[in-house]
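Counting in this note's numbering, the sequence shown runs from 3 upward without gaps.
If you're looking for bench data, these hints aren't it; they were derived computationally from the structure.
Not one of these hints is a red herring.
Listed below are the simulated BS3-like cross-link pairs for lysine-lysine, each with C-alpha atoms no more than 30 angstroms apart in a straight line: (1) K21 <-> K73; (2) K73 <-> K99; (3) K99 <-> K21.
Here are the in silico distance ranges between beta carbons for each label pair: (4) G94 <-> D156: 33 to 41 angstroms; (5) S97 <-> Q60: 26 to 34 angstroms; (6) S15 <-> F104: 31 to 39 angstroms; (7) R16 <-> P96: 16 to 24 angstroms; (8) D156 <-> W98: 30 to 38 angstroms; (9) Q143 <-> D43: 24 to 32 angstroms.
Cβ coordinates follow ideal geometry from the N, Cα and C atoms, glycine included.
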Amino acid sequence: MASFFEDVIRSDSRFNSVKRVADINLLEPVTRSAVSRIVEDAGALGIDLMVFETYRSQARQQELFNQGASKLRVVGVHHFGLAVDLVKVVGGEPSWKGDFSFLGRLAHEHGLIWGGDWGDPAVPHTFIDAVHVQRCAVSLQPALFRGSFYPDADYNPYRAARATVAA
3 MASFFEDVIR SDSRFNSVKR VADINLLEPV TRSAVSRIVE DAGALGIDLM VFETYRSQAR
63 QQELFNQGAS KLRVVGVHHF GLAVDLVKVV GGEPSWKGDF SFLGRLAHEH GLIWGGDWGD
123 PAVPHTFIDA VHVQRCAVSL QPALFRGSFY PDADYNPYRA ARATVAA
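Hey, can you work out the whole structure from these sequences and the hints?
Here is the structure:
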């Protein structure tokens, strides 16, 4: 099963890098397009957003975990080019402060899952990542990590999440 992950990310020189990668070209094309529209729409609302991190290697994830900067030891959806952290720009610097609920609204409008509610605002969540958006339903993450799933151009994580719940 050829995928953006197999065709592009695995062959990128930063695949094992411990450095932060903010290259939007390492986002799967549908995800990249949605992220670009979110950044544009936020700008129209007067909110300046920065693409802070796109791709993340396992080595970087382990380093972040060791530093206490992440609760996850094993890399997640960032590793597959399907997730991005978008932070506000305040005084020319990245900022994680303030309300990010606007990001949840914009993510949903553009078919991405927001880390503030993980695609299901009716369920209480113990892990909140308000600057994170992804193009993979939480229910399909294990299949993504196993290599048995990668979204095609028509994939909608909200439809997938509802189908998984209904099954």
